[in-house]
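Protein sequences appear in the order of chains A and B. Residue numbers for the first sequence follow the working numbering, so the first one is 19 and each next one is one higher. Residue numbers for the second sequence follow the working numbering, so the first one is 30 and each next one is one higher.
The hints are simulated quantities; they were obtained by calculation from the structure and are not laboratory data. Cβ coordinates follow ideal geometry from the N, Cα and C atoms, glycine included. A portion of the hints provided could be inaccurate.
Said to hold, decoys possible - If you only want the chain A side, here are some residues facing chain B, beta carbon under 10 Å, derived: (1) R89; (2) D153; (3) Q383.
Claimed, not checked - Some chain A residues well away from chain B (every beta-carbon gap over 12 Å; in silico): (4) G43; (5) L145; (6) R146; (7) D151; (8) A179; (9) R299; (10) R300.
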Amino acid sequence: MTVGTAFHPRTAPLNAHLQWREWSGFFAASAYHASHVIEYNAIREAAALIDVSPLFKYELRGPDAVRLVDRLIVRDAAKLSPGRVFYTPWCDEHGKVLDDGTIHRLDDEDGAQVVRWTAADPQIRWLRMNAHDLDVEVRDVSESVAAVALQGPLSRDVLEAATGTSFVDLRFFRRRRATLAGIPIDVSRTGYTGDLGYELWIPADRAVDAWDALVAAGEPYRIRPAGMLALDVVRLEAGLILIEADYTSAVHSHIPSQNYSPYELGLGRLVDLDAGDFIGRRALVAEMAAGGPPRRLVGIDIDWPEIEALYAAQGLAPYAPPTVSRAPVPVFAAGRQVGRVTSTGWSPLLKKMLGLASVGLAHAQTGTRLAMEWTVEARRGTVAATVVELPFFDPPRKRA
Amino acid sequence: MSSQPSAPYEAIVIGGGHNGLVAGAYLAKAGLRTLVLEKRPTVGGTVETRRLADGKRVPGLFHTVGRLRPSVARELGLRGHGLALVAPEVRAFAPQPDGRAVTLWADPARTADELRTWSAADGTAWAGFDRHVRALAAFIASLNDATPPATSGAGLGDAITGLLLGRAFKKLSKDDARQLLRVLPMAIADFVAESFESEPVRAAVAMRAVMFTALGAWSMGTTAALLADSAGNDGGAAGQTVFAKGGPGALADALAAAARSFGAEIRTGAEVVSVATLDGRVTGVVLASGDEIASPIVASGLDPKRTLLGLLPPLELGPNLRWRAGNIRQPGRVARVNLGLSGLPEFPAAGGREEAARRLRGRILVGATGIDDIERAFDASKYGRISDALLLEATIPSLVDPSLAPDGGHVMSVIAQYVPYQLAEGSWDAAAREALGDRVVARLETVAPGIAGRITAREVLTPLDLESEYGLTGGHPYHQEPALDAWFAWRPLVGYARYRMPVEGLYLVGPGAHPGGGVTGAPAQNAVKEILADRRRRR
């Protein structure tokens, strides 16, 4: 049975058109407004509140909490000092990605390390299976911790107004405790938008009060609630991958080609093969020794005039769907399929049709010209697509 | 502790039990500089001769050695290293409540004659049954000689194995061949009922199918267990009863002497606490002393759970395999009682003094009175209880080897079957241990009245004691339950039946590997073939 998140008493009345989708057992708003584009604009131009409570959240507590993290993630957890946040994938024994998420090193308590681990899929069994011989307690806090993303160029102003404290010093991928309307919360300088933004981790029983405080403080900044449709557009612009769209978790893959190593997902820069052992390391060492995986994640810039031409050929005006498509679509080079586009969408800000694609190594170089299938009125055609650097949109304020 | 040798070791064997010694001997024989490391002060593990408080000598866990693979004894020259075996004319003697007994002799004709006193039909059936068991067991023996096939990506070696097994299968008569696949999963109760009508005869045969297991006479797969026990030795339907002169420890001594003669070094008092690895490869072992000894090959004679969960770093094993290994079933259901006796106990069912001395030289089966009697004793153990009618396999080794009781008297070795590792109530403390000893003696009294009065020394080893004494996880003498789900290509785990453990250079040579438990030396002999094959391949 799908249930509301801790913010539901506030988000439900706002969802004017009852546009809900299911996210990990919770109702998540697709869009609060008639069109999600106004929410997109709030994220890119002002400030937006996105309820991300359905994320799976775990608390690792004990003297060996960081050792458990180190055992699992591809990055060097020794560098995960209190106050830092890592974005990282984690792999199975075959070096295939199980999931990706952010891992937050909270402040030590009573000599115990405390870690907050967020994930798209359930991880409790994996975390506990790997905690063998470690002194760490793993708890599922998904329902006791509510999470809201406060994102957008004015998000810092909203946060400072709401908390009465400055957040200028909280750098990208750092976190710290804060107080919001008397509620003890945790604030991380993270998000899934590629913009300036924060994620707020709030005791679930105080979620409504926190929401009200943020909305009140955000009023002068034209804050809006934003749903999943808008989030999908901004994450595509930011070149951020989405599980089950851009890759399949090794847990759910049915055939070898559905498995992805971090190197195939553009996450190779995160993999630290020299900082001690972790699950999947041996396989990744072997993969790199063999020349690396034969396919890579790339961004593609899809030729809009050619799309227009496909519509024109059928006597239609061109149409750019406002939402991101997660339907995989073949991509070609010299008439042969060399990969697939996994997320496709129009960027209102960049005025471009963008895609994330998984293509053969030989076609992954920036500037490579590919062709992508494009269907108009059930008639297949192809349009040009050029491999470009990710992220598509990378404003300086993201890290500011 | 000696310092590093002048040349590094090429193979290390963890555990100086009989399989560890067999592995060490074969590795050294193949020219590898081999080191066998044993935690205890003596080698042999479960195959040992212990000393009772009264000075008499008794077996460790196993008391007969008739399943030892003949090729192991021959190739390692064990006779030349002092091994002397004694096979009495009697195999098993099962006293019955009515004062009579079922006696199984080495000679099938003699057994048949004796069984006729129970049932003419059973007597007539014996020779055919014995032949049937021998034929099927001969095929199992061919399986036992082979390394199980790879479960994925079968190679040339598997094709050859398949060919050899095909040939062995063809050797079976048409009827036996048809029967084989039918009988393997059968309950021993049904299998014996197809040949015999009297309950004591059925039970005397069936008991061997459940010994050392957590299976009852009505459990499926127990026929396979009986055939496995008869495979590769002269047991036949009656089962082997062979003693080593000097006790089972004499076999361990001979194996150690053979290993040393080939150049193996054996260190006792050396406990391995972990296997050292680097990037998925074995680099050596770490001792409790902290010393690390390097070797590219490590062969573990420990049980698979102890080997995988206890010795390997968690990241080398990986969480999924850890989970699977954690599910390896090791339900110990055996306890041991050794008795020093002032004289030969009287078994009224064995007849007069001379006759009794003949009949008592084999395995004495107490409780083998009916199929359902076996099952009821099993039932109690399923729920952590001990049946009042425990199943006992006793031997009086001093009858064939008086040197075990040098100052006169006798020793009796008792394997108590269906004593649970985990008790439903209470725990295996000193009181529970002594209560078990009392219970076993009381059970013996039912067939040998007055035996309690002859006891000069008593030693009781609970399943928990077997675990701590011999390192048997769960107290299981076979390292892993000999059920069909843990048989051949599924032993110890699917994908790891070919002796190679998940870390390159690490092998399993104990009975947790195919073909399983008992005093055979077979898993070690098989495993070393694979170790040497890998070594040749690497060169």
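Is the Cβ of G43 (chain A) more than 12 Å away from each Cβ in chain B?
Check passes; 25 Å lies beyond 12 Å.
Is the nearest CB of chain B more than 12 Å from the CB of L145 (chain A)?
Contrary to the label, L145 (chain A) does not stay out of reach of chain B, its closest Cβ about 10 Å off (not over 12 Å).
Non-interface claim for R299 (chain A): all C-beta distances to chain B beyond 12 Å?
violated, 8 Å
Identify whether the interface hint at Q383 (chain A) stands, where standing means a beta carbon of chain B within less than 10 Å of its own.
violated, 32 Å
Please check whether the beta-carbon of D151 (chain A) is more than 12 Å away from every beta-carbon in chain B.
About 6 Å separates D151 (chain A) from the closest Cβ of chain B, which leaves it inside 12 Å; violated.
Hey, is R300 (chain A) genuinely clear of chain B, shortest beta carbon separation above 12 Å?
violated, 5 Å
Should the label of A179 (chain A) as a non-interface residue stand, given a Cβ cut-off of 12 Å to chain B?
Per Cβ check, A179 (chain A) is outside 12 Å of chain B; nearest 46 Å; holds.
Minimum beta-carbon distance criterion (10 Å), R89 (chain A) to chain B
holds, 6 Å
So, as I understand it, the hint says D153 (chain A) touches chain B; can you test that by seeing if any CB pair is closer than 10 Å?
Given a least distance of 14 Å, the restraint on D153 (chain A) is violated.
Checking the smallest CB distance to chain B, is R146 (chain A) really beyond 12 Å?
Per Cβ check, R146 (chain A) is inside 12 Å of chain B; nearest 9 Å; violated.
When the structure is compared with the earlier hints, violations turn up for hints 2, 3, 5, 6, 7, 9 and 10 and for no others.
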